[in-house]
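*Asks:* Each chain, written out:
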Amino acid sequence: MSQILKRYDLDKLAVATIASHTALQILRGAKKYGFRTIAIAKNEDIAQFYKQFFFIDEVWTGDFSNFRKTAERLVAENALLIPHGSYVEYVGWRQALEAPVPTLGCRELLRWEADQYKKMALLEEAGIPIPRVYRSPTEVDGPVILKLFGAKGGRGYFVAKGREELEARLKALGEEYIIQEYLFGVPAYYHYFASPVYSRIEVFGADIRYESNVDGRTFGWAEPTFVVVGNLPLVLRESLLPIIHKYGVQFAKAVERRVGCRLAGPYCLESIIKDDMSIVVFEFSGRIVAGTNIYMGYGSPYSVLYFDKPMDMGERIAHEIREAAKAGKLDQLFT
Amino acid sequence: MSQILKRYDLDKLAVATIASHTALQILRGAKKYGFRTIAIAKNEDIAQFYKQFFFIDEVWTGDFSNFRKTAERLVAENALLIPHGSYVEYVGWRQALEAPVPTLGCRELLRWEADQYKKMALLEEAGIPIPRVYRSPTEVDGPVILKLFGAKGGRGYFVAKGREELEARLKALGEEYIIQEYLFGVPAYYHYFASPVYSRIEVFGADIRYESNVDGRTFGWAEPTFVVVGNLPLVLRESLLPIIHKYGVQFAKAVERRVGCRLAGPYCLESIIKDDMSIVVFEFSGRIVAGTNIYMGYGSPYSVLYFDKPMDMGERIAHEIREAAKAGKLDQLFT
Amino acid sequence: MSQILKRYDLDKLAVATIASHTALQILRGAKKYGFRTIAIAKNEDIAQFYKQFFFIDEVWTGDFSNFRKTAERLVAENALLIPHGSYVEYVGWRQALEAPVPTLGCRELLRWEADQYKKMALLEEAGIPIPRVYRSPTEVDGPVILKLFGAKGGRGYFVAKGREELEARLKALGEEYIIQEYLFGVPAYYHYFASPVYSRIEVFGADIRYESNVDGRTFGWAEPTFVVVGNLPLVLRESLLPIIHKYGVQFAKAVERRVGCRLAGPYCLESIIKDDMSIVVFEFSGRIVAGTNIYMGYGSPYSVLYFDKPMDMGERIAHEIREAAKAGKLDQLFT
Numbered sequence: 347m348s349q350i351l352k353r354y355d356l357d358k359l360a361v362a363t364i365a366s367h368t369a370l371q372i373l374r375g376a377k378k379y380g381f382r383t384i385a386i387a388k389n390e391d392i393a394q395f396y397k398q399f400f401f402i403d404e405v406w407t408g409d410f411s412n413f414r415k416t417a418e419r420l421v422a423e424n425a426l427l428i429p430h431g432s433y434v435e436y437v438g439w440r441q442a443l444e445a446p447v448p449t450l451g452c453r454e455l456l457r458w459e460a461d462q463y464k465k466m467a468l469l470e471e472a473g474i475p476i477p478r479v480y481r482s483p484t485e486v487d488g489p490v491i492l493k494l495f496g497a498k499g500g501r502g503y504f505v506a507k508g509r510e511e512l513e514a515r516l517k518a519l520g521e522e523y524i525i526q527e528y529l530f531g532v533p534a535y536y537h538y539f540a541s542p543v544y545s546r547i548e549v550f551g552a553d554i555r556y557e558s559n560v561d562g563r564t565f566g567w568a569e570p571t572f573v574v575v576g577n578l579p580l581v582l583r584e585s586l587l588p589i590i591h592k593y594g595v596q597f598a599k600a601v602e603r604r605v606g607c608r609l610a611g612p613y614c615l616e617s618i619i620k621d622d623m624s625i626v627v628f629e630f631s632g633r634i635v636a637g638t639n640i641y642m643g644y645g646s647p648y649s650v651l652y653f654d655k656p657m658d659m660g661e662r663i664a665h666e667i668r669e670a671a672k673a674g675k676l677d678q679l680f681t
Numbered sequence: 347m348s349q350i351l352k353r354y355d356l357d358k359l360a361v362a363t364i365a366s367h368t369a370l371q372i373l374r375g376a377k378k379y380g381f382r383t384i385a386i387a388k389n390e391d392i393a394q395f396y397k398q399f400f401f402i403d404e405v406w407t408g409d410f411s412n413f414r415k416t417a418e419r420l421v422a423e424n425a426l427l428i429p430h431g432s433y434v435e436y437v438g439w440r441q442a443l444e445a446p447v448p449t450l451g452c453r454e455l456l457r458w459e460a461d462q463y464k465k466m467a468l469l470e471e472a473g474i475p476i477p478r479v480y481r482s483p484t485e486v487d488g489p490v491i492l493k494l495f496g497a498k499g500g501r502g503y504f505v506a507k508g509r510e511e512l513e514a515r516l517k518a519l520g521e522e523y524i525i526q527e528y529l530f531g532v533p534a535y536y537h538y539f540a541s542p543v544y545s546r547i548e549v550f551g552a553d554i555r556y557e558s559n560v561d562g563r564t565f566g567w568a569e570p571t572f573v574v575v576g577n578l579p580l581v582l583r584e585s586l587l588p589i590i591h592k593y594g595v596q597f598a599k600a601v602e603r604r605v606g607c608r609l610a611g612p613y614c615l616e617s618i619i620k621d622d623m624s625i626v627v628f629e630f631s632g633r634i635v636a637g638t639n640i641y642m643g644y645g646s647p648y649s650v651l652y653f654d655k656p657m658d659m660g661e662r663i664a665h666e667i668r669e670a671a672k673a674g675k676l677d678q679l680f681t
Numbered sequence: 347m348s349q350i351l352k353r354y355d356l357d358k359l360a361v362a363t364i365a366s367h368t369a370l371q372i373l374r375g376a377k378k379y380g381f382r383t384i385a386i387a388k389n390e391d392i393a394q395f396y397k398q399f400f401f402i403d404e405v406w407t408g409d410f411s412n413f414r415k416t417a418e419r420l421v422a423e424n425a426l427l428i429p430h431g432s433y434v435e436y437v438g439w440r441q442a443l444e445a446p447v448p449t450l451g452c453r454e455l456l457r458w459e460a461d462q463y464k465k466m467a468l469l470e471e472a473g474i475p476i477p478r479v480y481r482s483p484t485e486v487d488g489p490v491i492l493k494l495f496g497a498k499g500g501r502g503y504f505v506a507k508g509r510e511e512l513e514a515r516l517k518a519l520g521e522e523y524i525i526q527e528y529l530f531g532v533p534a535y536y537h538y539f540a541s542p543v544y545s546r547i548e549v550f551g552a553d554i555r556y557e558s559n560v561d562g563r564t565f566g567w568a569e570p571t572f573v574v575v576g577n578l579p580l581v582l583r584e585s586l587l588p589i590i591h592k593y594g595v596q597f598a599k600a601v602e603r604r605v606g607c608r609l610a611g612p613y614c615l616e617s618i619i620k621d622d623m624s625i626v627v628f629e630f631s632g633r634i635v636a637g638t639n640i641y642m643g644y645g646s647p648y649s650v651l652y653f654d655k656p657m658d659m660g661e662r663i664a665h666e667i668r669e670a671a672k673a674g675k676l677d678q679l680f681t
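Protein chains in written order, with the numbering used here: chain C, 347 to 681; chain W, 347 to 681; chain E, 347 to 681.
Warning: the hint list may mix true and false statements.
When chains are identical, the list treats them as one kind, so a pair holds in a single copy or across two.
[To be verified] Heads up, simulated DSSO-like pairs for lysine-lysine below, C-alpha to C-alpha not over 30 Å straight-line: (1) Lys-672 / Lys-620; (2) Lys-655 / Lys-378; (3) Lys-655 / Lys-377; (4) Lys-599 / Lys-675; (5) Lys-672 / Lys-655; (6) Lys-592 / Lys-397; (7) Lys-388 / Lys-655.
Rather than coming from a laboratory, the hints here were simulated on the basis of the structure.
Using the sequences and the accompanying hints, generate a full structural model.
*Replies:* Here's what the structure looks like:
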């Protein structure tokens, strides 16, 4: 990518992303920092929705099954691609890995994220506590949660109180899955920003996912399901922040060591905080998570730890790009 | 009203509302935009509370059982009335319909809101999915929620797992009610703003109601109740925004078609998001909802989709009034 | 303290606090208002975490078992100490009571807070509804919650459905405790600010505690526990604000009457709102609570009721100190 980046006209950089997930936040931030902005929609209806916003210069309709052409068009436009969960879901991790357009962050990580077992191994490598993973249902001796492979926003996940219930439900399942120990505690998602410009890992925010139907009022009358439909703001007990920061740093180091590339831009660790205040991380995301949308516009509580004024994650990304461009460091951000 | 509005001195406009619900947000926004502000309290104690705030120029104590006199006094003061749920509750929808003072939004809608069946019919007319409504308890074949007529903040609502439980509880009930299918999923309330000035429907924010005791920790030891005592901030999965925006637009069109007047200012659709990500709307409000209070002062995450800086709903209303006054369009806002 | 304060160089004031709880908010606010800032960490690891932030001028490592020396060093630095829950926990209330350094607020209140029965008595004195307190397990005739003495963030608390369950669990307990009636409703924490400068009590914000595991998804598979790990933003039904403000005022008066000193700076009432909208206060804190962290940086919704722009609690404290210093009123803030 550094060859492509070298040919970019730094005065005419565009920021592009797929029209979903965190696109509004990303593109608004980019526009605020003076970049041209491009949204790529998966169909005309969605394109229409995004066209109404003043901060989006162009809305394209893209063919995600063959993303190469779109990638080339982005390069022709001096565009930097900000990947997010919907991008990976739409184009698939293999295309995302190879798309010939400068893409924020460590792309190689996508290979690890595609396999729940490799994900867990990377967290372990980082020295971060993870839930017990059962290789076989016969090992199960307590409550478990079953998760399907791939970022599907929780669709198809289920809990079982024990082995018997699990085995009964597994019979109907045709997809790849992982069985994790079910942890009692509260969910908490930590948003980090890895900054090559400032050489630091920032704890930027936190959220709770809002999942249907488990976060509704079911009175035990319906089977719990875990489909993410929104996010809720959260601040953490301050005495937890040093360990949360430490896990973020350890994760970045483990990625460098094992995956072989440096994290840049937003990433996320997804945890349960148990009632002994220990943190167990059951998932990560190597890029921006939708939970950052909670502070769009007015900025995250933790952003002021690093900057004079509150900033949201879209602005944070744009800020980093602008500073990296000035300092000739764009190749440390984009792969 | 356009006769009254014509006689108003546009340089001395006042913004008035009832001292409750969202009055602080409305009047603070109005003051920020340079309007005189009037709060009308239902008694002296409440008046005292509102008098402490610098952005409220006058606090009146009003006789809500006979609102005409207050309305006339408001007109004498060049005042524009911003209605909200407590206003409708205090003066009653019949008085609100006829009060001789310019009132934000489509007043005729009050007639529809007074009847839960007409409300549901209007949503259906808009092509928005609604829960099944049971005309008689004998039709009930699953979990239901029973709601009383009128905006009572959820008081008296109850759930029943099935027909038998419902019938037992109905015996003690002396008020008008509606029986709705009980939906499994998570509650989500969408705040819209219908702007005659910009000719658009804005998705402005979202919240979750905080209801006592159902959102507390009852461990199944107490019967669930649904009294709204506060609101919690929410952002939605971005892929849901196009459909949420679409429902907002469809609702505005249905109001124009069936009720015969144009929506102007804030309104709200109140929904359950199911675990297949479909949205079912079980209520609406034709005016500002208390959920907008969550972003008072610092502004809503979605406000920056339409404006340079975050804005709260009070500021949004004041902005619209100022621009409409400049453009000679106040009669498109007030009826 | 007024002797010490008289010797302070008002142009070189420092604001100091213990590196935990709400230190980031407090010190960031102080720096924004031009004060020098000092964080005192309980060990080197924590000190390292706080050293990364630009708004903290000095990070010390303190010996909390013997706080006098640190207090004297603070005085030598012209420092004003902002106490919070972790400070009281680390140094103990007896040391906090006597530390020879100007400390924000009414220190004598610490003596009352150390004893759950005295706490309840003070609330009663203020005319604020409190839960029934059982002097003996044999009196118990319904659901109860058992709380340990001292601010432990909810550790060790438990609920019991009735007397029998309670008595069984009490056998294993070796600490001081209080048995309170278990209230059905929703938790709500009110943040107040007592301002000697403006001679008023401000309702500044509200939050909900995020407690592990009770706020997680346990499906009844685990015993509920109540360890605070974070906080969630909340706004209240506006019609509740006058009574919430009134309770805040009554509490301040009761402190003056019974404890003999005037509240200054942040304090908190901690309540359940029942489904008849009545408020029952089960706890208070005489100083800043961690729930104020939810609006760090972007400011609380209620702050704009008193000031032109949103403010967080750290900024609010710094603002008060600056104005008090100008007006020669620091001795009304610090004891």
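*Asks:* Does each hint fit the structure? Answer for all of them.
*Replies:* Hint check:
{"no.": "1", "hint": "Lys-672 / Lys-620", "in the structure": "neither (44 Å within a copy, 47 Å between copies)"}
{"no.": "2", "hint": "Lys-655 / Lys-378", "in the structure": "both (14 Å within a copy, 10 Å between copies)"}
{"no.": "3", "hint": "Lys-655 / Lys-377", "in the structure": "both (18 Å within a copy, 13 Å between copies)"}
{"no.": "4", "hint": "Lys-599 / Lys-675", "in the structure": "within (20 Å within a copy, 51 Å between copies)"}
{"no.": "5", "hint": "Lys-672 / Lys-655", "in the structure": "both (21 Å within a copy, 26 Å between copies)"}
{"no.": "6", "hint": "Lys-592 / Lys-397", "in the structure": "between (41 Å within a copy, 14 Å between copies)"}
{"no.": "7", "hint": "Lys-388 / Lys-655", "in the structure": "between (35 Å within a copy, 29 Å between copies)"}
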